[in-house]
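Engineer: Can you build the whole structure from these sequences, using the hints too?
Counting from 168, one number per residue, gives the positions in the sequence shown under our numbering.
Calculated from the structure, these hints are not laboratory results.
Keep in mind that a hint or two might mislead.
[Unchecked claim] With a straight-line Cα cutoff of 30 Å, these simulated BS3-like cross-link-like pairs (lysine-lysine) come out: (1) K314 to K369; (2) K283 to K169; (3) K308 to K369; (4) K328 to K369.
Computed from a prediction, not measured in an experiment: that's the story for all the values here.
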Amino acid sequence: LKDAPALHTLSLNLGYNAISGTGAKALASLSESYSLCVLSLDLYANQIGNSGAKALANLKDAPLLHTLCLDLYKNKIGPVGVQNFSALKHASSLQILDLNLRYNRVEDVGATALAKLKDAPSLRILNLNLGHGSIGAAGAKALASLKHALLLQTLHLDLYKNDVGDDGAFALATVQEAPTLSALTLNLGFNCVSSVGANALKSLRDAPGLHTFNLNLENREFTGPGLAVLMV
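Structural biologist: What follows is the structure in structure tokens.
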């Protein structure tokens with residue numbers, strides 16, 4: 168398909184197909200398309216592993232690609248593989264990136280690497296699904312540096328069922344400093360965030376340009392006093 172002369176938009180749903188790193192490497196050759204602008208690859212529940220992740224990061228080389236959606240849910244990718252996606256910061260035309268790494272071992276090392284996406288020169292919309300990724304406070308602190316992305320308008324950060332804690336919540340609250348951010352979604356469900364962390368997140372209301380804010384603090388131990396903090 169990379170040789171289709173006028174192909175502008177391509178969406179492939181290949182979930183549950185036992186695709187390995189070899190298959191991912193073949194799909195990465197789509198970076199050689201000279202007309203492709205929008206690419207969506209759904210590789211949900213395959214087995215591409217670290218080698219496949221490394222290959223797919225080469226999609227950064229697609230010259231006209233401005234929208235990239237990669238669903239890599241449950242693909243046996245470890246932190247070494249996740250680190251490769253920081254290379255997408257070199258995709259000069261990329262404006263929209265949706266990267267689903269749920270149920271892969273992202274860990275703090277991988278989260279720190281993904282934070283380098285702040286340097287992508289044209290990025291305006293970023294959706295990172297890192298749920299069940301074994302990420303702690305250090306990873307959350309690194310991800311908070313996405314506030315330095317100069318053109319970022321929309322950020323969706325899903326950290327469901329990690330362990331960022333109150334220290335991570337404090338760090339993520341500084342995203343309010345992002346100069347162009349107008350829409351923010353933070354999923355911190357089941358992250359050991361207490362009313363102390365919730366109080367820090369309350370400061371996001373002071374973000375001058377923020378028009379839309381979605382916050383998930385689902386937590387069996389997050390009780391009435393914590394909720395009251397958010398309402399004050």
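Engineer: Run every hint past the structure and note whether it holds.
Structural biologist: Now for the hints, and whether the structure bears them out:
1. K314 to K369: Within the cut-off at roughly 17 Å; holds.
2. K283 to K169: 28 Å, holds
3. K308 to K369: At roughly 17 Å apart (the allowed maximum being 30 Å), K369 and K308 satisfy the hint.
4. K328 to K369: Holds - the C-alpha atoms of K369 and K328 are around 21 Å apart, at most 30 Å.
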